[in-house]
Amino acid sequence: MWKLLKIELFKIFKRPRTYIAFGAIAAIVFLFQIALWFDGKTYIELILSNIDASFDFSDQFKTRLLNGYFVCFAVLNILLIQMPLLVALIAGDVIAGEANMGTLRLSLTKPVGRTQYMLGKFFASSIYTVLLLLFLAVLALFGSILLFGTNDLVIFRSTSIHQMSRDDIFWRYIAAFGYAAVALTTVASLAFLLSVFAENSIGPIIATMSIVIVFTILSEMNIPLYDRTIKPYLFTTHMVAWKGFFYVRSNEEGATIKGSIENLPAILKSLSVLLIYIFLFVSSAIWIFKRKDILS
Amino acid sequence: MFIVFKRRQCSKYSLVALFFLFYFMKANAQTAEEIVQKIKMKLEKINDYEAEGKMKTNVAFIKAPLATVKVFYKKPDKLLILNQSGISFIPKGSVNININNVFVNMHAFDVIDAGRDNAGLRVIKLLPKDDTADIVLSTLYVDEKNMLVKKSKTTTKENGTYELEMNYAKFLEYGLPDRIIFSFNTKDYKLPKGITLDYDDGSEKNGDKLKNKRGTVEISYKSYIINKGIDSKVFNR
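Those protein sequences? They're chains A and B, same order as listed.
Under this note's numbering, the first residue of the first sequence is numbered 1, with each subsequent residue one higher.
Under this note's numbering, the first residue of the second sequence is numbered 297, with each subsequent residue one higher.
Hints listed in this document are in silico derivations from the structure and should not be mistaken for laboratory results.
We put the beta carbon where it would ideally sit given N, CA and C, even for glycine.
There may be inaccurate statements among the hints.
Just the calculated beta-carbon pair ranges, DEER-fashion [said to hold, decoys possible]:
id	chain 1	residue 1	chain 2	residue 2	range
1	B	M402	A	E252	33 to 43 Å
2	A	F197	B	D484	45 to 55 Å
3	A	Q60	B	K486	24 to 34 Å
DSS-like cross-link-like pairs, simulated, lysine-lysine; straight-line CA separation at most 27 Å [unchecked claim]:
id	chain 1	residue 1	chain 2	residue 2
4	B	K366	A	K258
5	B	K352	A	K258
6	B	K486	A	K41
7	B	K366	A	K62
8	B	K509	A	K258
9	B	K334	B	K371
10	A	K231	B	K489
11	B	K489	A	K62
12	B	K374	A	K41
13	B	K341	B	K441
14	B	K371	A	K41
15	B	K370	A	K62
16	B	K370	B	K529
17	A	K258	B	K350
18	B	K489	A	K41
19	B	K518	A	K258
20	B	K334	A	K62
21	B	K483	A	K41
Chain A on its own, in the form it takes in the complex:
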């Protein structure tokens, strides 16, 4: 299995297109950081405009608010919506790409079971996803800390504001990145499943992105009809649960409780929904692949 995994990883990282995703992430993160470095005050003022009738915000407040932790959160908020595309780019290609090149039949002539073969490919896609996320973490978190320094983190939710002291943030990022790895692996497993049906990698990549976009729109819509019927079952609803690590509990006087998470059971529930999806997508892919006539 390990040998199979190494071969699959070699295949993934030999292709130049693999590095497009790393390049795109680096470009987006740097552009965002540079934009905030030069004009972060305007961005902060835009966010604060909703409450500036009740509070006084000094320049020092704005400078401190725009710290590395805050910038990283803003980057993740934007990038974790785009990242499924970058993940689908590789995961959608693992089977369909081989079929397109005509190497799939040849690969299966080797003394390896189809299940093992598929699992090797899935784990390789997952490792790629995790590496992509680690790359994002290093650039977005450590890069932003280096540029903007550290301070308390303030999260602006739709109807509430959550503030965490600076010594209560780093572990939340580790947990959030861990969760995001599972969320993106769900997308990878969907692309992996769709890849089984295609002879060309464009199809599964576009199909994965279309599903993610449609589901994301449905997840973000606030229509009572969808709220209880469709939304709880969409994996995209649960993909954003990494943010839950930045929602804190407060005591009766409104003061943040250090080290608290507002609703950990909800995050764990979302995590299990994603794990079920991964299991369903991967097992379906293997089941279908095992019964498939490999003609190319």
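Using the hints, position chain B against chain A.
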């Protein structure tokens, strides 16, 4: 005959007693203007101060940790609340947490005696002479014995009503409080979900419950450094 004499004698003594009581009360009672002047004189001893304390913010839609703050004051009306290393949401009108600011422009107000409240504090109302002034009405609740303002209410045209409650102990001599509770009006807070892309973990409160609530900021002072001089640049932040 004896009974009539007794009654007459009794009412005469009562009248005399009442006269003296009224006389002494009148002699000891201070007018609202006098009280205001005495407090003003007491507070005028303070040219500046730098205080250190813990600040607790209690606003319906904000969850913030307890903050260590420094409060700088300089005559006549400069005030700055500074979180030493972190971030603190400072409400508008927080300059009013320093009661000295009420006494800066006393000549611009008419002082009205409004009697006493249930706790026995003298209630003094300050009405601005200028109709266009932002302050509509200020009410002071004064502890006459110690010449301390225990509570104040200020109603403004722009930012609603501010209330300030002060507890005195260690710094009583200077008329500086050990603990203040500043309450203020908060406007509605709401950002579109399309921007925040929130994770719905079912914990967001109903928006209506958060509307038009009053917020409070509580500062417990640990120390004051009084009249040691503060550079005006401190306030330019």
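Comparing the hints with the structure gives:
1. B:M402 / A:E252: 33 to 43 Å: For E252 (chain A) against M402 (chain B), whose Cβ atoms are near 39 Å apart, the range 33 to 43 Å holds.
2. A:F197 / B:D484: 45 to 55 Å: holds, 50 Å
3. A:Q60 / B:K486: 24 to 34 Å: Between Q60 (chain A) and K486 (chain B), where Cβ atoms are some 26 Å apart, the hint holds.
4. B:K366 / A:K258: Answer holds: K366 (chain B) to K258 (chain A) is near 22 Å, not above 27 Å.
5. B:K352 / A:K258: This hinted pair holds, its Cα atoms lying about 14 Å apart.
6. B:K486 / A:K41: Holds - the C-alpha atoms of K41 (chain A) and K486 (chain B) are around 21 Å apart, at most 27 Å.
7. B:K366 / A:K62: Cα-Cα ~18 Å, so holds.
8. B:K509 / A:K258: holds, 25 Å
9. B:K334 / B:K371: holds, 18 Å
10. A:K231 / B:K489: holds, 15 Å
11. B:K489 / A:K62: holds, 23 Å
12. B:K374 / A:K41: It holds: about 25 Å lies between the C-alpha atoms, which stays within 27 Å.
13. B:K341 / B:K441: holds, 19 Å
14. B:K371 / A:K41: Since the Cα atoms of K371 (chain B) and K41 (chain A) sit roughly 31 Å apart, the hinted pair is violated (cutoff 27 Å).
15. B:K370 / A:K62: Holds. K370 (chain B) to K62 (chain A) sits at ~24 Å (cutoff 27 Å).
16. B:K370 / B:K529: Roughly 11 Å between the alpha carbons, so the hint for K370 (chain B) and K529 (chain B) holds.
17. A:K258 / B:K350: It holds: about 16 Å lies between the C-alpha atoms, which stays within 27 Å.
18. B:K489 / A:K41: holds, 22 Å
19. B:K518 / A:K258: At roughly 23 Å apart (the allowed maximum being 27 Å), K258 (chain A) and K518 (chain B) satisfy the hint.
20. B:K334 / A:K62: Distance ~41 Å between K334 (chain B) and K62 (chain A) Cα, so the pair is violated.
21. B:K483 / A:K41: Within the cut-off at roughly 23 Å; holds.
Checked against the numbered hints given earlier, this structure breaks hints 14, 20; the rest are met.
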